[in-house]
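**Student:** Below are the chains, spelled out letter by letter.
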Amino acid sequence: MSRPMQFDRVPLSARIGMAIILAYVAAALFGPFLAPYGQTEVAGDQWTPLFWSQPGSDGDVFFLLGTDHLGRDLLTRLLYGARNSIGIALVTTLLAFAAGVGIGLLAATKQGVVDQIASRSIDVLMAFPSLIFALMILAVLGSSIPVLIVVIALLNMASVFRITRALAMDLEAQDFVDVAKLRGESALWIMRRELLPNAMVPLAAEFGLRFCFVLLFIASLSFIGLGIQPPMADWGSMVRENASAISFGVFTPLIPAAAIAGLTIGVNLVIDWLTNSRSVGNEA
Amino acid sequence: MIALLIAKRLGLGLVTLFIISLIVFFSVQLLPGDVAQAILGRTAPPEAVAALRTRLGLDLPAHVRYLQWAGGLFQGDFGDSLANRRPVLDLLSERIGNTFFLAAVSACIAVPLGLILGLASAIYRRRPFDHATSLAALLAISVPEFLTAYILVAIFAVELGWLPAVSMVQPSQGILDRFILISLPAATLALGVIAYILRMTRAAIGNVLSSPYIEMAKLKGVSPYRLVVRHALPNALSPIINVVLMNLAYLVVGVVVVEVIFVYPGLGQLLVDSVSKRDIPIVQACGVLFATAYILLNLLADVLSILANPRLRRPRGGV
Chain C
0 MSRPMQFDRV PLSARIGMAI ILAYVAAALF GPFLAPYGQT EVAGDQWTPL
50 FWSQPGSDGD VFFLLGTDHL GRDLLTRLLY GARNSIGIAL VTTLLAFAAG
100 VGIGLLAATK QGVVDQIASR SIDVLMAFPS LIFALMILAV LGSSIPVLIV
150 VIALLNMASV FRITRALAMD LEAQDFVDVA KLRGESALWI MRRELLPNAM
200 VPLAAEFGLR FCFVLLFIAS LSFIGLGIQP PMADWGSMVR ENASAISFGV
250 FTPLIPAAAI AGLTIGVNLV IDWLTNSRSV GNEA
Chain L
0 MIALLIAKRL GLGLVTLFII SLIVFFSVQL LPGDVAQAIL GRTAPPEAVA
50 ALRTRLGLDL PAHVRYLQWA GGLFQGDFGD SLANRRPVLD LLSERIGNTF
100 FLAAVSACIA VPLGLILGLA SAIYRRRPFD HATSLAALLA ISVPEFLTAY
150 ILVAIFAVEL GWLPAVSMVQ PSQGILDRFI LISLPAATLA LGVIAYILRM
200 TRAAIGNVLS SPYIEMAKLK GVSPYRLVVR HALPNALSPI INVVLMNLAY
250 LVVGVVVVEV IFVYPGLGQL LVDSVSKRDI PIVQACGVLF ATAYILLNLL
300 ADVLSILANP RLRRPRGGV
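Respectively, the protein sequence lines represent chains C and L.
Going left to right, the first sequence walks through residues 0 to 283 as numbering that gives the first Met the number 0 numbers them.
Going left to right, the second sequence walks through residues 0 to 318 as numbering that gives the first Met the number 0 numbers them.
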C-alpha cells in the first residue's frame, strides 16, 4: 500500500508549503540566536516604521520591521514569538494526538463497553463549542501556559479520536488483522503494528489540520488577552498590543498576524496534497 | 422510520443540553481549590472570602445549588454579576439583540454567496475560475480572523475613510447607522463563512460528480450547468444543508473574537470581559446561551439532513 515517496511527483503547491514550514521551523529553532535585540529589550522609539534607524546609546540602532508599542524591536519579538507560538501549539497538538490516537485505537480494538463510554464522552465534548468551553475553564482557573495546553489538547483530542476510531474500525474488518488476532498477538501489538502504519497518511493530514486549528485558537485567545501573557513574545498578543497603531496608519501590527497566516497556509498546502493524493489513490 | 430517527436525535439533543448545563455549572464548582478564594486572590482577607462564599451559595450542597441555578435559568434568573451586582439578565438583554443582529446580517451575506460560489466552482471545475476561488478560499480559512479584520480596517477605515474602524453601537441609533457600523465586523465574519461553505459545497458536489449516473448524463450531452444544478445538487443537498447549519453554529461562536476586535457591545465582548474579571455568573450565563444556540443549530442540521437524505428513509441495510 505504501510506496516510496517520489519528490518529483509532489505538486508545486505542496513544495511551496513544505518550504514555508521549513522556514518557520528554522526561525523557531534559531530565532533567538538571529534576533538583533533581547526579547523584552526596549531599544528605540514607539511604533517606528519599517527600515528605521535612530541614534542609540552607543551608535545608531536599526529596526528592520520597526518597533512595537514599548519601543521593542518587532523583528526580535517576531523571532522569539516563533519559538513560543509554534512551540506551544506543537506541544498541544502532540498531546491531543497521543491521547486521541491512543483512546481511538483502544475503542476500535476493544469495542463494546469501552467503545461506548469513550465515544459518548467524546460526543458530549464535541457538542460544546470549543471557544466557549475554553473561556469557561480559563475564567475559573485563570490563564497560564499549562492550563492552555491541557484544555486545548482536550478539545482537539475529540476530533483525533473520531478519525482514528473510524480508520481503525475500517482496518479492523480486514483479513490481515484477523490473521494477527489468530496468531495470538496482543491488542497493543495489533494497534501498533497493524492498525497505526495503515492509518498514517490520513492521520498526518489530521495532524496538520489540528496544528493549524490549535495555532489559530491560541493566537485568538492571546489576541483577546486570555492566552499567552506578556511580556512573553507571542504572535497573537503582539497583534493585540499594537492594534491601536493601525488607526494611526501604522500597519506593522499586521506583520505578526501575517506570520500566523503564513504558517497555516503552508501547512494547508501540504494537507491539500496529502488528502488529494489519497482520494486519487482510492479512485484508481 | 424517519420519525423515529428524528425523535431519537431530538432526545439526544435534550440529553446533550442537560449534560452541558451540568458541565457549565460544575466546571466552576468542582474545580480544584476554592472558587471564592480563586476569584478574590490569595491575599484576600478570610472574612471577604467567607462573604463571597455565602453570596455564591457555596455553603449549600452541590445538587441543591445546581437545581436552584438550573431552575433560575428557566425563569430567566441568571443570578447577579459579581463585579457590579447587577442582575445578569439585564446585562444580557442589553446585548443579546446586538449579537443576534451581527450574526444574522453576516449569515444573510455569507450563506447565499458561499453557495453560489461553491456551485459555480463545481460547474467550472478545473478552470481558472475554480482555481482562483479555491486559492482565495484557502487563504481566507488559513488567516486568523483578526488579520482579516485589521486588513479591512486598514483599507476601508484608515486609507479610504469610508467606514468606521470600531462599532460602538448606541441604543439611540437608527437601523441605517447600525448597518454602516457593523459592515466591517459582518464582512470579517462573512469572509470566513463564505470560504468554508464554498469549499464544502464544491467538495459535496464533487463527490456526487464522480458517480456513474453523472457519467451517463455527461455522455448524453447534458450541459455543465444542468449537470451540476439538476443532476448533482439534489443528491448533494444533505451534506450542503449540514455545512450551512454548521457554519451558522460556527458564526454564533465566531462573533466572540470579532466583537472584541471592533469593540461591538454584544454578548461575546461581555463574555471575554467577564472571563478576565472572573465574573463567574456572567460567564456561566453566556456559556449556556452560546452553547445552546450552537447545539440547537447542530441539532437542526442533523434533523434536516435526515429529512433531505432519501437513503435514510429506508430501513438500515438497504443502502
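What the hints contain is simulated information worked out from the structure, not anything from laboratory work.
Glycine included, C-beta positions come from ideal geometry on N, C-alpha and C.
Please note that a few of the clues may not be correct.
From the derived model, a few chain C residues whose C-beta atoms are all more than 12 Å from chain L [stated by the list, open to error]:
| # | residue |
| --- | --- |
| 1 | Arg-8 |
| 2 | Val-24 |
| 3 | Lys-109 |
| 4 | Gly-111 |
| 5 | Arg-119 |
| 6 | Pro-128 |
| 7 | Leu-134 |
| 8 | Leu-140 |
| 9 | Ala-218 |
| 10 | Gly-224 |
| 11 | Ile-245 |
| 12 | Gly-248 |
To be clear about the criterion: a stretch of chain L counts as covered by chain C if any three or more of its residues have a C-beta under 8 Å from a C-beta of chain C, and this derived list gives those stretches [stated by the list, open to error]:
| # | segment |
| --- | --- |
| 13 | 70-83 |
| 14 | 247-255 |
**Student:** Any Cβ of chain L at or closer than 12 Å to C/Val-24, or is the non-interface label fine?
**Tutor:** Its Cβ never comes within 12 Å of chain L, the nearest being 18 Å, so this holds.
**Student:** Just double-check C/Gly-111 for me: nearest Cβ-Cβ distance to chain L has to come out over 12 Å.
**Tutor:** C/Gly-111 is indeed farther than 12 Å from all Cβ atoms of chain L, at 20 Å.
**Student:** Holds or violated: the segment 247-255 of chain L covered by chain C, criterion of 3 or more residues with Cβ-Cβ distance under 8 Å?
**Tutor:** Satisfied; 4 residues make the cut.
**Student:** Any Cβ of chain L at or closer than 12 Å to C/Gly-248, or is the non-interface label fine?
**Tutor:** violated, 5 Å
**Student:** Counting residues of the segment 70-83 of chain L with a beta carbon closer than 8 Å to any beta carbon of chain C, are there 3 or more?
**Tutor:** violated (count 0)
**Student:** Please check whether the beta-carbon of C/Ala-218 is more than 12 Å away from every beta-carbon in chain L.
**Tutor:** Non-interface label fails for C/Ala-218: nearest chain L Cβ at 5 Å, not farther than 12 Å.
**Student:** Looking at C/Leu-140 again, its CB stays over 12 Å from all of chain L?
**Tutor:** About 6 Å separates C/Leu-140 from the closest Cβ of chain L, which leaves it inside 12 Å; violated.
**Student:** May I ask you to check that C/Ile-245 keeps its beta-carbon over 12 Å from the closest beta-carbon of chain L?
**Tutor:** violated, 6 Å
**Student:** Just checking, C/Lys-109 versus chain L, shortest CB gap more than 12 Å?
**Tutor:** holds, 24 Å
**Student:** Say whether it holds or is violated: C/Gly-224 keeps its Cβ farther than 12 Å from all Cβ of chain L.
**Tutor:** violated, 6 Å
**Student:** Does the claim that C/Arg-8 lies outside the interface with chain L hold up, using a Cβ gap greater than 12 Å?
**Tutor:** holds, 19 Å
**Student:** Just want to verify: C/Pro-128 was marked as not at the interface with chain L; is every Cβ pair farther apart than 12 Å?
**Tutor:** violated, 4 Å
Comparing the model with each earlier hint shows violations of hints 5, 6, 7, 8, 9, 10, 11, 12, 13; every other hint is respected.
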